[in-house]
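If you're matching them up, the sequences are chains A and B in order. Under the working numbering, read the first sequence as residues 1 to 578, first letter to last. Under the working numbering, read the second sequence as residues 1 to 578, first letter to last.
Since the hints were derived computationally from the structure, they do not count as laboratory data. Accuracy of the hints is not assured; some may be wrong.
Copies of the same chain look alike in the list, so a pair counts if it works inside one copy or between any two.
[Claimed, not checked] Straight line, CA to CA, 30 Å or less: simulated BS3-like cross-link-like pairs of lysine-lysine:
| hint | residue 1 | residue 2 |
| --- | --- | --- |
| 1 | Lys50 | Lys567 |
| 2 | Lys50 | Lys488 |
| 3 | Lys427 | Lys265 |
| 4 | Lys244 | Lys352 |
| 5 | Lys183 | Lys488 |
| 6 | Lys392 | Lys548 |
| 7 | Lys184 | Lys488 |
| 8 | Lys566 | Lys49 |
| 9 | Lys567 | Lys555 |
| 10 | Lys373 | Lys566 |
| 11 | Lys359 | Lys415 |
| 12 | Lys576 | Lys457 |
| 13 | Lys93 | Lys49 |
| 14 | Lys566 | Lys488 |
| 15 | Lys50 | Lys566 |
Number of protein chains: 2
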Amino acid sequence: MESKDKYELVSELARRRGFFWPALEIYGGVSGFICYGPLGVIMKEKIIKKFRDIFIRPLRALEIDSPVIMPEKVFEASGHLEHFKEPMVECLKCGRKFRADHLLEEAGVLDAEKLGLDEIMAELEARAIRCPECGGEFGKPSYFTTMFSTTIGPYSDAVGYGRPEAAQGIFVEFKRLYEQARKKLPFGVVQIGRALRNEISPRQGPIRLREFTIIDYEFFFDPEDPSCPRLPEVEDEVLRLLPKEVRLKGSEEPVEVTVREALDKGYIMMEWMAYFMALAKRFLEELGVPGDKQRFIEKLEWERAHYSVQGYDQEVWTDRWGWVEVSGHNYRTDYDLGRHMKWSGVDLTAFKEFKEPKKVMELVVKPNVEAIKEDFGEEAPEVLKALSKADKAELARSVEEEGSVKLGSYELSRKHMIISKVERTVKGKHFVPHVIEPSFGLDRLVYITLEYAYTVKDGRVVLRLPRDIAPVQVAVLPLLSRDGLPEKAREVYELLLSEGFDVEYDESGSIGRRYARCDEIGIPIAITVDHRTLEDGTVTLRDRDTWKQVRTPIKELPSLLYAFFKKRLEFDQLGKPL
Amino acid sequence: MESKDKYELVSELARRRGFFWPALEIYGGVSGFICYGPLGVIMKEKIIKKFRDIFIRPLRALEIDSPVIMPEKVFEASGHLEHFKEPMVECLKCGRKFRADHLLEEAGVLDAEKLGLDEIMAELEARAIRCPECGGEFGKPSYFTTMFSTTIGPYSDAVGYGRPEAAQGIFVEFKRLYEQARKKLPFGVVQIGRALRNEISPRQGPIRLREFTIIDYEFFFDPEDPSCPRLPEVEDEVLRLLPKEVRLKGSEEPVEVTVREALDKGYIMMEWMAYFMALAKRFLEELGVPGDKQRFIEKLEWERAHYSVQGYDQEVWTDRWGWVEVSGHNYRTDYDLGRHMKWSGVDLTAFKEFKEPKKVMELVVKPNVEAIKEDFGEEAPEVLKALSKADKAELARSVEEEGSVKLGSYELSRKHMIISKVERTVKGKHFVPHVIEPSFGLDRLVYITLEYAYTVKDGRVVLRLPRDIAPVQVAVLPLLSRDGLPEKAREVYELLLSEGFDVEYDESGSIGRRYARCDEIGIPIAITVDHRTLEDGTVTLRDRDTWKQVRTPIKELPSLLYAFFKKRLEFDQLGKPL
């Protein structure tokens, strides 16, 4: 073990046993890109399945899969083009480029992300910060848009970007999704997919990637009815919070409160946000991270994304980097839908019926076509068009108070319109839904699950992955590679494969070495086929964590293992102790 | 129905019920991009699961997940930068751009993809082809690279591309994957993920997309041992082939041969390719496409990708477009690994042991350090370095035949070297594995599965999706929305949800209308809770395809439905007929 930290140990294991590794090593690697190997792919799938079981299925949320590349207009509307950028400096000597705020933070500047370009420049000079690679001086800082840009099709003005979050894919499709939800609020929409962030100089393996998999969950609700009927399911869950009032006092000591208390004390603004934070805590526990290794830290104003009015990051303690964000919880209000309505000109409101229809007086302004024709002659159609587009209340006010109204180059007076008021029954109203967003970085979840599973027992690595996350569930091992044992073991292997288990067959090396191999990739159960198997059709099952063994008939394996992996049985219940 | 073709009917249903729709409609849409809705996402997952069950699990193939964006060098090596382009013309009047070969094909030119730019120009002129949008004249055709280009990080020379296939992600990681396969051939590696092709003007909905999901399967084998031990499993499968000898005669009439015959007659070069083609046929049958609506068409020389020495496309008959490719089967030889070896300088060979170690005479050339020092003085280290890098056989030949050898600016003679031959035992040899690649377009599979499932019964749409592909497996419907029926139905719903079924609850509208809704999205079984349920705990099950009904106790539902969806029971076996 020596001085290697857990990140190094886990990464080494991940590379060697095929969970993940730096992508493109034969070309020297490209920082910010990793490749998932066979075990990593299955583990990712299983984490997604768990997410669906906790967050999607019980709420009957909708899942979508929309493009990674989207046209510029989407990101103009979403505010990303304006806000999604980082301050960058270039070394005048070697030409290398760096995140300016990171350089300042490393030099001890607090809240460097608050600073503008001029302030950054001043700090760089005041602290005489030089290029960490060559010692050269820096030029002026500038902003770098951290989205990958491209062009769509053959026209160079059709700029597109790789999406930095999957959320926008949901907002732009709101109209259809609202229909799929049968026009009833609240409802959630989830997108799990690739996201791209063109980081300036990423350096933390799976923790900071340029290409990663994001789980964005947009939960739409009526701001006049923000209550969460599912709150009772989680209200006693204790959260470790670092709300902004605590942080602003300079404290790092979390307050421990129940979900109910967090809402009552105003630490969390919205019930749905508290609900999802509680689920997020449970989700991480299911991945093997105990509650006391988790906390929720509220983002301060200058740390929050441009669309957020309240944001909490769920953080997990890591051996190398300390607290690392695994999910963000933001109250996005009606920001995104409102902006896309404005940019697209398309109605993205929801409609709700009043309990009782309401009677309202409605202003009706009709054109007096005869009078308009008389006064405007050939231009009458243009005037009628202008009139139909004008705001009715403003028209009425203007002609009443000022005697006339200007529409473009036309001046209209009272006689050109017929203004009346009619009583109308209104059944309901249109409004822009509000949004609570929990958002997870899947790659970090994979890494953290591995770090928390990594243990050493009697000098050997045992990867204690939760049994429903382990990429291989069962190994089938003939005790010896002769005497008909491999043939029998193959039969058991094929049986479990056809029953849908993730199963591996291995006959090479001593049984001790094979057990060690199983432990290292976290296979919960190893099944050994020995001479007795040939006589009475029983096999031994070995528990990864305790190394205990039990003996069980082959024919009972499928149902026993099914129950074990559903967590309905524990290992000791799988057979007779040896 | 009138004159709508199946594409129109299926697309309309897909949009309305949330399988998929054109992405970004609120911004006018962007051609070549679609969005999958809730039902489409689940259907995609289930098609992937079926692919895994047929292609991956039985062969214990490895799955990886590598970046979508890769640096330019990868595509230089792979040949895509050179070959992945299409001829384009621009209208001189309106500025619109078109695929030049498509314009020629529409004008009746055969094999337009064979033509170079000059020939295209000549044909455009000879046939006086004008802009289909405005009638304007075209300028000179040029090539357009159909990859999305971007830059990685802040340096503008770090060009990257969106991958046009997932295969390259596998080839560049071959070293690690070979280790994961425990250095044993043959083995397969699969990548299922996004691919990007910047088509000039895509126009066929889910059939031709700029962003799509690809399933690339690279199967590595020893070219000296190309036999497929699994061939007996498929050798009697009949394939409908259009081999090149038939096509070159101008025929479109497929030959029907067994896999065995196709190999014996030389229609298919490699056993592994024939094996995967047979699996591909079965896969499509499982998705609902009968064998006689499928064919395999061999690519002619000018139609083949640059890396392929033999290629067959699996095609499926569609109502609107006729034969449409759903998978490609290519013999890529050692092309890709060989190129990446050359471009990266990294060894990507496999090693195989000879059955018996071989004795070989090996040439050994050692430097005569004393003599070199004497003659070259201070430059001796440089000379030694040059010598160590030189080809031994060439050194020996040169000094033997010519008396000296030039290494850069140094001239060395016989006395500067000690040349000898030693007998050495060689255990095996290094070689570059060959590759058979089956490759599927997942989006087309989704569309085609829907088209083949689309039927009309008594004037109503019934989507006869295979039961293991249907996104919703079971609907639970209270007969009435009162008398305690909804509460009881909710219980049944929660039971099935917790057992892991994809289940939907619906109480709005008449029971007839709800059945129709279920049929339209292909829910295989609808469960109705009625007054009798409250008395004796039984429910009715209704079959989507026959509309037959049976009655079954609630408590038996989980195991019965489990068996039904595993295809171990048929509908009639699920209860007593009504």
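Hint check results:
In the homo-oligomer, the alpha carbons of Lys50 and Lys567 lie at most 30 Å apart both inside one protomer (13 Å) and across protomers (26 Å), since each shortest distance falls under that limit. In this assembly of identical chains, the alpha carbons of Lys50 and Lys488 lie at most 30 Å apart only when taken from different copies (28 Å versus 34 Å within one copy). For a Cα distance limit of 30 Å, the shortest separation of Lys427 from Lys265 qualifies neither inside one copy, at 37 Å, nor across copies, at 74 Å. In this assembly of identical chains, Lys244 and Lys352 lie within 30 Å of each other by CA distance neither inside one copy nor across copies; the values are 35 Å within and 63 Å between.
Taking the shortest alpha-carbon separations for Lys183 and Lys488, only the inter-copy value of 25 Å comes in at or below 30 Å, while the best intra-copy value is 57 Å. For the identical chains of this complex, Lys392 and Lys548 are neighbours neither inside a copy (81 Å) nor across copies (58 Å), given an alpha-carbon limit of 30 Å. Taking the closest pair of Cα atoms, Lys184 and Lys488 come within 30 Å of each other only across two copies (23 Å); inside a single copy the shortest separation is 57 Å, beyond that limit. In the homo-oligomer, the alpha carbons of Lys566 and Lys49 lie at most 30 Å apart both inside one protomer (13 Å) and across protomers (20 Å), since each shortest distance falls under that limit.
For the homomeric pair Lys567 and Lys555, the shortest alpha-carbon distances inside one copy (20 Å) and between copies (21 Å) are both at most 30 Å. With identical chains, the CA atoms of Lys373 and Lys566 are never at most 30 Å apart, being 79 Å at best within one copy and 74 Å at best between copies. Within a single copy, Lys359 and Lys415 get their C-alpha atoms as close as 29 Å, which meets the 30 Å cut-off; across copies the closest is 111 Å, which misses it. For the identical chains of this complex, Lys576 and Lys457 are intra-copy neighbours only, at 25 Å inside a copy versus 56 Å across copies, given an alpha-carbon limit of 30 Å.
Taking CA atoms no more than 30 Å apart as the test, Lys93 paired with Lys49 passes in neither setting, with 50 Å inside one copy and 54 Å between copies. With identical chains, the CA atoms of Lys566 and Lys488 are at most 30 Å apart both within one copy (27 Å) and between copies (26 Å). Taking the shortest Cα distances, Lys50 and Lys566 sit within 30 Å of each other both inside one copy (12 Å) and across copies (22 Å).
When the structure is compared with the earlier hints, violations turn up for hints 3, 4, 6, 10 and 13 and for no others.
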